[in-house]
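Participant: Numbers 59 to 290, taken from this note's numbering, label the letters of the sequence shown in order.
Think of the hints as simulated: they come from the structure by calculation, not from any bench.
Keep in mind that this is a model prediction, so the values were computed, not measured.
Certain hints may be false.
[Unchecked claim] Taking CB as the label site, the calculated pair distances span:
hint : residue 1 : residue 2 : range
1    : Ile-231   : Ser-124   : 32 to 38 angstroms
2    : Glu-277   : Pro-202   : 23 to 29 angstroms
3    : Glu-277   : Arg-250   : 24 to 30 angstroms
4    : Leu-141   : Ser-264   : 42 to 48 angstroms
Where is the CB? At the ideal position from N, CA and C, for every residue including glycine.
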Amino acid sequence: MRTWFGNAGWIRIEDSTLSGTLYIRFGIADDKRPVMREIYLDGNREVLSPALLRQVRFDLIEAIVSKNIDRLERSIAIPGSDLHRLAAHYGTSWGSGTYAGESCDVCGGPVKHRTMADGTDSVRAVRNWAALSWYAQFDTSGIPQVPMPRDRPAEDLDLEEFPDVKPPSGGVITDDFLAVVRHAYNLARAKRLPPAPTIGKLANVSPRTVHKWVAKARERGIMPRGSQGRIG
Numbered sequence: 059m060r061t062w063f064g065n066a067g068w069i070r071i072e073d074s075t076l077s078g079t080l081y082i083r084f085g086i087a088d089d090k091r092p093v094m095r096e097i098y099l100d101g102n103r104e105v106l107s108p109a110l111l112r113q114v115r116f117d118l119i120e121a122i123v124s125k126n127i128d129r130l131e132r133s134i135a136i137p138g139s140d141l142h143r144l145a146a147h148y149g150t151s152w153g154s155g156t157y158a159g160e161s162c163d164v165c166g167g168p169v170k171h172r173t174m175a176d177g178t179d180s181v182r183a184v185r186n187w188a189a190l191s192w193y194a195q196f197d198t199s200g201i202p203q204v205p206m207p208r209d210r211p212a213e214d215l216d217l218e219e220f221p222d223v224k225p226p227s228g229g230v231i232t233d234d235f236l237a238v239v240r241h242a243y244n245l246a247r248a249k250r251l252p253p254a255p256t257i258g259k260l261a262n263v264s265p266r267t268v269h270k271w272v273a274k275a276r277e278r279g280i281m282p283r284g285s286q287g288r289i290g
């Protein structure tokens, strides 16, 4: 598990057991304990399943943050991203409580009405940072979209070892075993190695057997379902 401290209490977590990057915003309780305020899990274009969140080691993350409580205090003092404010603006559909619930008939973006001096009604696009980001999705808007940051290279990724993948005894495939397969699968992808052949060598089985394990893990919700046409 790799962690980075950002501004405003945000912590970035990358772990081979996750399909994407986990962001958690921490605050500090009166007794100096770190407390989680906001959570965002990036699926990295993969399908997310409820089982993924159940298997996040929140206890381990809190232990890491607790050991760096002074660093967290300095982080909280620096302004940073506020996903709560962003979510309040978008409201999934701009919301009936915001912008009177009215949207553009063409793109669905937020609009507001203004009554002119002559009594006519003028429709104008809402112009704030959240709305501008919405309109920037359209090529004809003329509004530049903020580029996505490049993924930060994990310096210690090459040093992370694969888990011990032992074929299930008696042919009984347990959820714990499939969690190990998921760990090895995600780590192989992170290292840019073919997952099935790599895991096959670790477990001394054929890639076809690994494909069956992965299919079973996806069936049980332990791994997200793969994209159409993708071979694990």
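Participant: Work down the list of hints and note, for each, if the structure agrees.
Facilitator: Hint check results:
1. Range check, Ile-231 to Ser-124: Cβ separation about 36 angstroms, and the 32 to 38 angstroms hint holds.
2. Remark: the range hint 23 to 29 angstroms for Glu-277 to Pro-202 is contradicted by a beta-carbon distance near 43 angstroms.
3. At roughly 27 angstroms, the beta-carbon separation of Glu-277 and Arg-250 lies within the given 24 to 30 angstroms, and the hint holds.
4. At about 44 angstroms, the beta-carbon gap between Leu-141 and Ser-264 stays in the expected band of 42 to 48 angstroms.
In summary, the one numbered hint that this structure violates is 2.
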